[in-house]
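Each chain, written out:
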Amino acid sequence: MKVHLQLFSVLREKLPTEAMGRTVLYLDEGTTLAGILTMLDIKRKVVISLNGIHQPDHSHEVQDGDEVKIFSAVSGGADALLLN
Amino acid sequence: MPHGYNAKILHIDLNNSQFSVEEPGEDFYRKYMGGSALAMYYLLRDMPPAVDPLGPENVLVLALSVLTGAAVSGQSRMTAAAKSPLTGAIGDSQCGGFWPAELKFAGFDAIVLKGKADKPVYLWIHDGEYELRDASHLWGKITGEVEAVIKQELGDDKIEVLQVGPAGEKGVRFAAIMNMSTRANGRTGMGAVMGSKNLKAVTVRGKARPTVADKARLNQIAKWGADNLSKSDIAGLSKYGTAETIGANQSTGTLPTYNYNRGVFDKWEAIDGTTMYDTILKGAAEGMQDREGRDTCYACTVHCKRIVEISDGKYKVDPRYGGPEYETIATFGSYCGVDDLAAIAKANQICNKYGVDTISCGATIAWAYEAFNQGKLTTEDTDGLDLTWGNADSMVKLTEMIANREGFGDILAEGSERAAKKIGRGTEAFLITSKGQEAPAHMPQVKRSLAVIYATNPFGADHQSSEHDPVYEDDFEYFADRLDMMGFTEPQKPRSLSNEKLRFTLASQHMYSALDSLNLCQFVYGPAWQLYGPTDIVEVVRAVTGWDDIDLDALQRLGERRLNMMRAFNAREGLDRRHDKLPEKFFDKALIGGVSDGWKIDRNEFETALDTYFKLCHWDVETGTPTRAKLEELGLDWVADQLNL
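For the protein sequence lines, the chains are A and B, in the order given. The opening residue of the first sequence carries number 148 in our numbering; numbering runs sequentially from there. The opening residue of the second sequence carries number 22 in our numbering; numbering runs sequentially from there.
Keep in mind that the hints were calculated from the coordinates and are not lab data. Hints should not be assumed to be uniformly reliable.
What the hints assert, rightly or not - With the Cβ distance kept under 8 Å, some of the chain A side facing chain B (calculated, not the full set): (1) H151; (2) F155; (3) K192.
Unchecked claim - Restricting the straight-line Cα-Cα distance to at most 27 Å, the calculated cross-link-like pairs of lysine-lysine (DSSO-like) are: (4) K228/B with K179/B; (5) K651/B with K606/B; (6) K190/A with K228/B; (7) K337/B with K162/B; (8) K636/B with K442/B; (9) K149/A with K288/B; (10) K161/A with K610/B; (11) K244/B with K190/A; (12) K636/B with K651/B; (13) K192/A with K244/B; (14) K252/B with K192/A; (15) K397/B with K621/B; (16) K288/B with K161/A; (17) K621/B with K606/B; (18) K288/B with K192/A; (19) K621/B with K610/B; (20) K397/B with K443/B; (21) K192/A with K514/B; (22) K190/A with K397/B; (23) K621/B with K442/B; (24) K606/B with K443/B; (25) K244/B with K228/B; (26) K244/B with K29/B; (27) K288/B with K621/B; (28) K162/B with K179/B; (29) K602/B with K514/B; (30) K29/B with K137/B; (31) K162/B with K172/B.
Here a beta-carbon is modelled for each residue, glycine too, at the ideal position from N, C-alpha and C.
Only chain B is shown next, with the shape it has when bound in the complex (with noise of 0.2 Å):
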């Protein structure tokens, strides 16, 4: 019997309502694991190449791992996968919650989803049982009014439902799916997807919790989470939000402001994490934010999750719509110059209301800001919005606008790069994208490892495919216990590309592409400053699943095979290394202001760096795709012959 998941993927046809129920068998999960890396398996398994992302063809599957579900923190996380609309490679997105521990629960480890709904329906999943059922009556409804109608229909507070909003039914190229209204499968357009497919929501509820194989070893890793997080430093993570980063962020000049033009925000302590705790969080008035203003996912001890409420003044706030993460107070914000937080949260709660993801979003946003600066855009073109700098009222709504597909928004709905193609005028030179996808709040010209990342990662610009790095740079305290066991001895130089420093990137990246795999929180696991180290995810695995011959090489594989099959879906697409770029503004124009003064990226640098982490990859440096060898090492004979390789 198999411990940890349930050994059952529920495959749906939407084109005739057909279901089946595969069962694969321990290999199986042993190779693949969940998540990210299974989701792999069944798109490059069951969509041919070169669909419509929003036509019936393309697969969306939403995995969970062999961990799922299990009495630990950060496991309750899920895998949204398809091609992505807004960049027509791999997409892939990972959310937390309590919905996806539901779903194991439920019975089932992953649903892969194919076709079309002839109207808009929601899967209804529990105990074993599904069904898919009428949602006309959900259609463009919001995502908080979708959950309270939902679970009074079906008669139980306790569903968890996973939904699209009304941006997904829209098709913006960067929707999200929504669950408990404020944690989203955010990045890539999958919202989009799933609305395409006429499918509003997936409802899950059960009570058949998988075994695990080692339950006393498990309660001891889970207790010393317990004990040891007000020791560790993601107790600020804790207590004040991941926006407790924008500080020390402006401090090393990594805080993207102005579109990208700056490392650093003048107005800065107006949106720090600090300040939003003083302010705005739930209970902040009565100083009981600590209970009222934080959040949390199945059974973690982390609490990171905000949650905001503001009941006076021009930007009121649902708390039952959460609060604003750092990425999203980063684009919103200092991206554009805004320095009002409850703008912020109010931008945040309208893309949780209609299910957008807030980095691209705000992102898309600062793109129009700079081109508006520029004098490329006037209120002409914007609905008689003026865009200048730090217009909070513009900001939000703008924001709605783009949520809604009205006006202006409907253009900014497609995303920037379409957007700038559209328009024209030199607007693309203001482009902060990588295949497509807007770049998050890490500045690869300070963190110089993310250049190759952004550039490289098959889904697009992306800050949590690998670890940043300051962890291995002799001007930052170096993380011996963890590193040293990982084979990183000799932390390098500030915004070094040294072959060293890349091959430390590559091992991170395979690190967190198992997480991605094993859906553990990025936050709460990892190679240096998380809760748990290395070793403890190991010793996880080992005790949910029993399967003691699992080691840290193990794992490192697992995150190899699962970017090698996302560059291999990619090469499948057509994409090679040509489209491996970063925006042009990241070399051509330096940082202004702060320490980062000055700082761009060196063309050629970068170009000698690709090699590197190609060579690293044993990929072809050429083309940047999988050889055969490579694949055939990782157990992907069959995807090499998808390649014709």
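The following block holds chain A by itself, in its conformation from the complex (with noise of 0.2 Å):
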């Protein structure tokens, strides 16, 4: 099945740069949204957006023809600074 991806701010480094973060992947049936995450070795905190709504189930499958637009969700990620 066919998925349209747009990948926004530092996400869109994961695709060559003149893809300006858009592309077209092509799935096994009951790909999940996490699924999508690690083919792309995306580990940071994101906001997925399905068909142009807020998806925070990661463990959703999509569908052939959806669009899912994937945010860096400004928010952590660094370790803490334990000197102490």
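Take the two lone chains and join them into the complex the hints point to.
In structure tokens:
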């Protein structure tokens, strides 16, 4: 099945520069949003928009023709610096 | 010998050009640390209640902290505080840039200004010396020109200039204080206060860097930040600026649109930070925007500031005036239905040239747009301007008219609440103000704790006074590493106003309040997603000052102290729980479209949450005023005495 993917902000660096954050993914049936994150090696905290609506459940399976947009949540990732 | 600070506060009475230098002891700095808390000390001590905010009796404090100027990211910030001409309550605003560090190097930790000069003057502080100089030739000039003239006049290109633009001179109630012509103490009209004192600028230069107690420790912290920035999620902030959040906010239904009637804007991609990066950042045409289109503050590795350059087309933008932040893009953009990024950048430039808060300015224009689109205003009211949603030309023109107090702009320069009162015709229904200050671009209908914060915050609706809900909600990835440490282990349901959510809200409010008293940047330091977490904040304080007994609890107390002093200031002015209100529209009108379709705030739930919040604060639930017991616990007996508690 075919899914339209668009990445924003620093996530765009997961694709070649000339792609400008856009690509089409050809996926197996049953692929989840979490599966897409794994495929792209995205480990940051993200906000995912599925067909224009926030989808917080990353176990959600995508469907043929879906439009997936992934944003970096302005949110952590760095480990706390524990000097003590 | 103190580490990190000068132990010198400069007092100036502009009525008679009298200077004095106060040298507080270590106990004072340990208790108030700097910034907002230190400013509150002087405002409560030196200003009687009920003064005219634009009269000579108002006191304006420009304050740094014990950390300002240290060689670590996110510390070169300054608090401007006075009674606000916009709200009539406490005014408080923070800026970044190089000016804060330079004032520290020039020998002072804060400047306390009272009175009014009999003609325009500017203050020149250098290497411990200070003088007032004539500014008649600078009056009426825009920020970039003033900066150039002063640097030439004083013969040093490295002088840092803090100033009011023409908007501050003309008493625009949401005028900003500017530095570098790009950094603003934007909120609550501090520029109007400075202008009312005939004080055009405060220029600083110095070479005396305060000592640091443990340089190796501080270097280690600074290096860790630089090494880990690209791995952190503020990496996006660094490369794409605050506007990178447009898309995520659209997706989660919290991008205020059409004056807060919607949480989604169908043309959001046109104004997103990624689009700005690709199109109008300086150097974008040559792919050089990473180098040319970003800017930073003293010693900060993050580089979150934008520089826009537009040479062609209807809206030309000069890079010396920087580029728009997320808030600016939202207020001039989605709030007004405008999808033209060049027009938004132009409005931002006008604000930076004339010294205007972009949030209140854009939101006030959006209020006028709604009134016009609802038939309550016509072109007869607006000097012929068509305020149909999305009209970019009118938005830019109105920004200029507000900055110059021209025609309809003169009415809007009073802020939307006063404008609605003057015009009437039911336009009050379109207000999005709390205590007279226009709401920033984070929606309490979606992030429910902000309903309590916007309503109760002593200086009006504010988005940087607490951590927002998503980090402690169970449909968002949880920041266990940091929040556990602060005792928050049970993420709450989305849009809840549970007791646990409110406990989190107040604790994070105390932390943000402490950050504004340490003058630390809230993108770099904070409780959850920021580059540095709570433990790191403690480590920075210890490394700079040598006060190894300072712990997280002490810093939370600092934040609580500052918040209580602000509420006490408002109580002196006659403000209480009756003034802790939200715009009626937030209760009455459900949002339209997107994921937040149908969402609004339940009035009963909100009032119950206020009760709980005041109980958690240990304030009087009926009045929302701090109790004597709480003030004494915070070492503020003298403030309790002022309130006759």
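Evaluated hints:
1. H151: violated (14 Å)
2. F155: holds (5 Å)
3. K192: holds (5 Å)
4. K228/B with K179/B: Given pair K228/B, K179/B holds - Cα atoms ~11 Å apart, limit 27 Å.
5. K651/B with K606/B: violated (34 Å)
6. K190/A with K228/B: Roughly 44 Å separates the two Cα atoms, so the pair is violated.
7. K337/B with K162/B: Holds, because 20 Å separates the two Cα atoms, which is no more than 27 Å.
8. K636/B with K442/B: violated (34 Å)
9. K149/A with K288/B: holds (25 Å)
10. K161/A with K610/B: violated (41 Å)
11. K244/B with K190/A: holds (23 Å)
12. K636/B with K651/B: holds (11 Å)
13. K192/A with K244/B: Cα-Cα ~24 Å, so holds.
14. K252/B with K192/A: holds (11 Å)
15. K397/B with K621/B: With Cα atoms ~24 Å apart, K397/B and K621/B stay inside 27 Å; holds.
16. K288/B with K161/A: holds (25 Å)
17. K621/B with K606/B: holds (9 Å)
18. K288/B with K192/A: holds (25 Å)
19. K621/B with K610/B: Measuring from Cα to Cα gives roughly 7 Å; hence the hint holds.
20. K397/B with K443/B: Roughly 13 Å separates the two Cα atoms, so the pair holds.
21. K192/A with K514/B: Status holds; Cα separation ~18 Å.
22. K190/A with K397/B: violated (50 Å)
23. K621/B with K442/B: holds (25 Å)
24. K606/B with K443/B: Holds: K606/B and K443/B sit about 19 Å apart, inside 27 Å.
25. K244/B with K228/B: holds (24 Å)
26. K244/B with K29/B: Roughly 30 Å between the alpha carbons, so the hint for K244/B and K29/B is violated.
27. K288/B with K621/B: holds (23 Å)
28. K162/B with K179/B: It holds: about 20 Å lies between the C-alpha atoms, which stays within 27 Å.
29. K602/B with K514/B: Given that 27 Å is the threshold and the Cα spacing comes to 24 Å, the pair holds.
30. K29/B with K137/B: Answer holds: K29/B to K137/B is near 23 Å, not above 27 Å.
31. K162/B with K172/B: With Cα atoms ~15 Å apart, K162/B and K172/B stay inside 27 Å; holds.
Checked against the numbered hints listed earlier, the structure breaks hints 1, 5, 6, 8, 10, 22 and 26; every other hint is satisfied.
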